[in-house]
Amino acid sequence: MAKLTIRNVIKRYGALEVLHGVSVAAQDGEFVVLVGPSGCGKSTLLRMIAGLESISDGEIEIGDRVVNDLEPNERDIAMVFQTYALYPHMTVRDNMAFSLKLARRSRQEIEQKVDDAAGILDLTALLDRYPRQLSGGQRQRVAMGRAIVRNPAVFLFDEPLSNLDAKLRVQMRTEIKTLHQRLGTTMVYVTHDQMEAMTMADRIVVMHGGGIEQVGPPLQIYDEPANSFVAGFIGSPSMNFIDGLVVERGGTAELQTEEGVHWPLPESARAYLGQSVRLGIRPEHIAVGPDGVQARVNIVEPTGSDTHLQLQVGSQSIIAAVRDRPSVSVGQPVPLRIDANKVHLFDLASGKRLH
Amino acid sequence: MLDKHRSAITQSKTRPRRWFRAGEGRTAFFFLLPGLIGILLFLVLPIFASIALSFTDWQLLGTPHFVGFANYTRLFTADPQFWTVLRNTVFFTVEYLILNIVVSLGLATWISSLKFGQRWFRGIFFLPTFTPLIAVAIVWMLIFTSGGLFDSLMERLSLPFSGVLNSQTLAMQAVILTSIWAGVGYNTVLFNAALDMVPASYLEAARIDGATAWDRFWKIRLPLISPTLFFGTVMTAITSLQVFDQIFVMTKGGPGSATATLGYAIYQRGFQNFQMGYASAIAWVMFALIMALTALQFWFQRKWVHYDN
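Residue numbers (the working numbering), protein chains in the order written: chain G, 1 to 355; chain A, 356 to 664.
By construction, these hints were calculated from the structure, which means they are not laboratory data.
Any given hint could be a false lead.
[Said to hold, decoys possible] Straight-line C-alpha distance at most 25 angstroms; calculated SDA-like pairs for lysine to any residue:
{"no.": "1", "chain 1": "G", "residue 1": "Lys101", "chain 2": "A", "residue 2": "Pro578"}
{"no.": "2", "chain 1": "A", "residue 1": "Lys470", "chain 2": "G", "residue 2": "Gly14"}
{"no.": "3", "chain 1": "G", "residue 1": "Lys101", "chain 2": "A", "residue 2": "Gly518"}
{"no.": "4", "chain 1": "A", "residue 1": "Lys470", "chain 2": "G", "residue 2": "Ser54"}
{"no.": "5", "chain 1": "A", "residue 1": "Lys607", "chain 2": "A", "residue 2": "Gln436"}
{"no.": "6", "chain 1": "A", "residue 1": "Lys470", "chain 2": "G", "residue 2": "Arg47"}
{"no.": "7", "chain 1": "G", "residue 1": "Lys101", "chain 2": "A", "residue 2": "Thr567"}
{"no.": "8", "chain 1": "G", "residue 1": "Lys101", "chain 2": "A", "residue 2": "Asp570"}
{"no.": "9", "chain 1": "A", "residue 1": "Lys470", "chain 2": "G", "residue 2": "Lys101"}
{"no.": "10", "chain 1": "G", "residue 1": "Lys113", "chain 2": "A", "residue 2": "Gly518"}
{"no.": "11", "chain 1": "A", "residue 1": "Lys658", "chain 2": "G", "residue 2": "Arg129"}
{"no.": "12", "chain 1": "A", "residue 1": "Lys470", "chain 2": "G", "residue 2": "Arg129"}
{"no.": "13", "chain 1": "G", "residue 1": "Lys101", "chain 2": "A", "residue 2": "Gln436"}
{"no.": "14", "chain 1": "A", "residue 1": "Lys658", "chain 2": "G", "residue 2": "Leu16"}
{"no.": "15", "chain 1": "A", "residue 1": "Lys470", "chain 2": "G", "residue 2": "Met90"}
{"no.": "16", "chain 1": "A", "residue 1": "Lys607", "chain 2": "A", "residue 2": "Gly518"}
{"no.": "17", "chain 1": "G", "residue 1": "Lys113", "chain 2": "A", "residue 2": "Thr567"}
[To be verified] In silico negatives: residues of chain G with every beta carbon more than 10 angstroms from chain A:
{"no.": "18", "residue": "Gly21"}
{"no.": "19", "residue": "Ser54"}
{"no.": "20", "residue": "Asp57"}
{"no.": "21", "residue": "Gly63"}
{"no.": "22", "residue": "Glu71"}
{"no.": "23", "residue": "Met79"}
{"no.": "24", "residue": "His89"}
{"no.": "25", "residue": "Gly184"}
{"no.": "26", "residue": "Thr252"}
{"no.": "27", "residue": "Ala340"}
By construction, the Cβ of each residue, glycine as well, lies at the ideal position given by its N, Cα and C atoms.
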């Protein structure tokens, strides 16, 4: 176990800078998830931690050692790849023992460690099989087993569940989380799936365009997104955004859109009277009410637990997620109520959180 | 009654279908005919003819007489040259095969390690593959001929290798060097393509596991390209057992019988001595040798070739 510190790390490919001075730390035993859209630099950062990509500038520290110039095997890390990268010509046992054999450990120690890891991951019966004889989930577990036998200070996961079907993904999510609780090792996990990030992380690092947008515990990121990018990226269905002017009407603050639609705002929004802002409201904080903003139903999507309603307010399309099963039909006009206290306000130009 | 009715229905269903298929087959046969005639005339017929000829004393002109296994008996017991020719063929095959695989694998690995110019080097090394072997052999013969470029180079370096084509021991080495120059490009491109197809994630995982560049080559890359390596080895072995062009141009099997191989012996017996029956017998011995060696390679592949599916 060890602390991982990343200080002002920059990655350049020739003149192109893809990571712009990233700083973040994972505490000893913490499960940190790097999440962001494709091309945000999260996998590059992970590969730099692993030593598979050079560091153009800045420092990466594992434990008390700066590892910038160390080879991957000297960094005391283990990595699970998106494609698992199991050596196809070796059995499960040989795959798991490969690093130990290269380190010239004794046969007894190798056997012991492989058996222990296989026991933890329920792989004992599969030890003499080849990767091609395993299912996706089993391969995933072997990839984790290969990492466990090395007893590393930091585990790195590069989108390890992307190749699995939805059901198996949920199951493996739980298994990785259980493994973390059991081993207590520092883990850095890269994903583009915000649901994985929310459910697995102790702390989430939201990345975008080669930089960090926000770092924090999952619920803090969900409830208090630092900017409109984080607000839109975290949460499914995504947060609704409505641009407009903060005005006072009938003694209360409201958001007036260009089309003259009025949305309620909390009292504290008075501080921004006369300013153009972006209102953010999560779909679950919109309800079909007896009165409110007039909308028209475009699409009804029942998910079982919730019903997602795609609604049209003027030219604006918004989504509401309602718990009950409303008796609405496509094309029907419905009044919408939003909980003013759940509204987020962002600066229109910078996207930064105002409220 | 019902059965009759049922069979009538079946017939009415199948008959037009069978007619259609027969018509389709005839059309297909018609389209196949040009190729089929070629195969029958220039492949199947000569194969059977050579089997038949190997049991005769046909001398190109005149009528062939059936001689039973006399040609084969003479080959293995009376011909003073046959065992030399066989030894030369096996010697050429073993040395050429080993050198070809080692050099082409080395070049392929080197090319795949380059950051720039991979395509250029692949192209350059592949050039001799589509150069006519006769032309290549003529150029190399001129290089190796007494007083040629090679001799003057040896003289400058004060090395005692001159007039190699006239040397009992070095003539074969000159033929092998020429064959390597001409034949290494094909396997280089083949192995290079296979090496480039090894997913980077395996090599990255191996780096994390602590594998050195040497380990990664021997323990990851080589086993993963083993099916291609096997294919290259089998094909190279087959073509080297049939070696003819470079020997015909450079040494004519000489000096003495130092470079006479089975391929050359077939030509010599058949088209110089007009012993077509005897030449056919040698051809079938060569065929048996190639089959045996290929079967052996297929048997051995179980131990070192890894298929992923």
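To see whether the hints hold, each was checked on the structure:
Distance check on the hinted pair: Lys101 of chain G and Pro578 of chain A sit about 17 angstroms apart at the alpha-carbon level, within 25 angstroms; holds. Proximity of Lys470 of chain A to Gly14 of chain G is assessed by CA-CA distance (about 14 angstroms); at most 25 angstroms being required, the pair is judged to hold. Only pairs whose Cα atoms come within 25 angstroms are accepted, and Lys101 of chain G paired with Gly518 of chain A is rejected, the gap being roughly 53 angstroms. In summary, the hint linking Lys470 of chain A to Ser54 of chain G is supported, as the alpha carbons are separated by about 16 angstroms, within the 25 angstroms threshold.
In summary, the hint linking Lys607 of chain A to Gln436 of chain A is supported, as the alpha carbons are separated by about 14 angstroms, within the 25 angstroms threshold. A threshold of 25 angstroms between alpha carbons decides the hint, and for Lys470 of chain A with Arg47 of chain G the separation of about 20 angstroms falls inside it, so the pair holds. Proximity of Lys101 of chain G to Thr567 of chain A is assessed by CA-CA distance (about 13 angstroms); at most 25 angstroms being required, the pair is judged to hold. The straight-line distance between the Cα atoms of Lys101 of chain G and Asp570 of chain A is roughly 11 angstroms, inside the 25 angstroms bound, and the hint therefore holds.
Pair hint Lys470 of chain A plus Lys101 of chain G does not hold up; C-alpha atoms about 31 angstroms apart against a cutoff of 25 angstroms. For the hint pairing Lys113 of chain G with Gly518 of chain A, the CA-to-CA distance comes to about 64 angstroms; that exceeds 25 angstroms, so the pair is violated. Of the supplied pair hints, the one linking Lys658 of chain A and Arg129 of chain G holds, its CA atoms being roughly 17 angstroms apart against a limit of 25 angstroms. For the hint pairing Lys470 of chain A with Arg129 of chain G, the CA-to-CA distance comes to about 37 angstroms; that exceeds 25 angstroms, so the pair is violated.
Note on Lys101 of chain G and Gln436 of chain A: the hinted pairing is violated, with a Cα-Cα distance of about 54 angstroms set against a maximum of 25 angstroms. Only pairs whose Cα atoms come within 25 angstroms are accepted, and Lys658 of chain A paired with Leu16 of chain G is rejected, the gap being roughly 48 angstroms. Restraint check for Lys470 of chain A and Met90 of chain G: not satisfied, since their Cα atoms lie roughly 30 angstroms apart, outside the 25 angstroms limit. A hinted pair counts as satisfied when its Cα atoms are at most 25 angstroms apart, and Lys607 of chain A with Gly518 of chain A qualifies at roughly 15 angstroms.
At most 25 angstroms may separate the alpha-carbon atoms for a hinted pair to count; Lys113 of chain G and Thr567 of chain A meet this at roughly 22 angstroms. The Cβ of Gly21 of chain G sits about 25 angstroms from the closest Cβ of chain A, beyond the 10 angstroms cut-off, so the non-interface label holds. The beta carbon of Ser54 of chain G sits about 13 angstroms from the closest Cβ of chain A, which is more than 10 angstroms, so the claim that it is off the interface holds. No Cβ of chain A approaches the Cβ of Asp57 of chain G within 10 angstroms, the least distance being about 22 angstroms, so the stated non-interface status holds.
Non-interface call for Gly63 of chain G relative to chain A: holds, since the shortest CB-CB distance, roughly 17 angstroms, exceeds 10 angstroms. At roughly 7 angstroms from the closest C-beta of chain A, the C-beta of Glu71 of chain G falls inside 10 angstroms, breaking its exclusion from the interface. With a minimum CB-CB distance of about 5 angstroms to chain A, Met79 of chain G fails to clear the 10 angstroms threshold, and the non-interface call is violated. A cut-off of 10 angstroms between C-beta atoms contradicts the statement that His89 of chain G is not in contact with chain A; the least separation is 4 angstroms.
Under the 10 angstroms C-beta cut-off, the non-interface status given to Gly184 of chain G relative to chain A holds; the minimum distance is some 21 angstroms. Interface exclusion of Thr252 of chain G from chain A stands, the closest Cβ pair being 58 angstroms apart, more than 10 angstroms. For Ala340 of chain G, the shortest C-beta to C-beta distance to chain A comes to about 50 angstroms, beyond the 10 angstroms cut-off, and the non-interface label holds.
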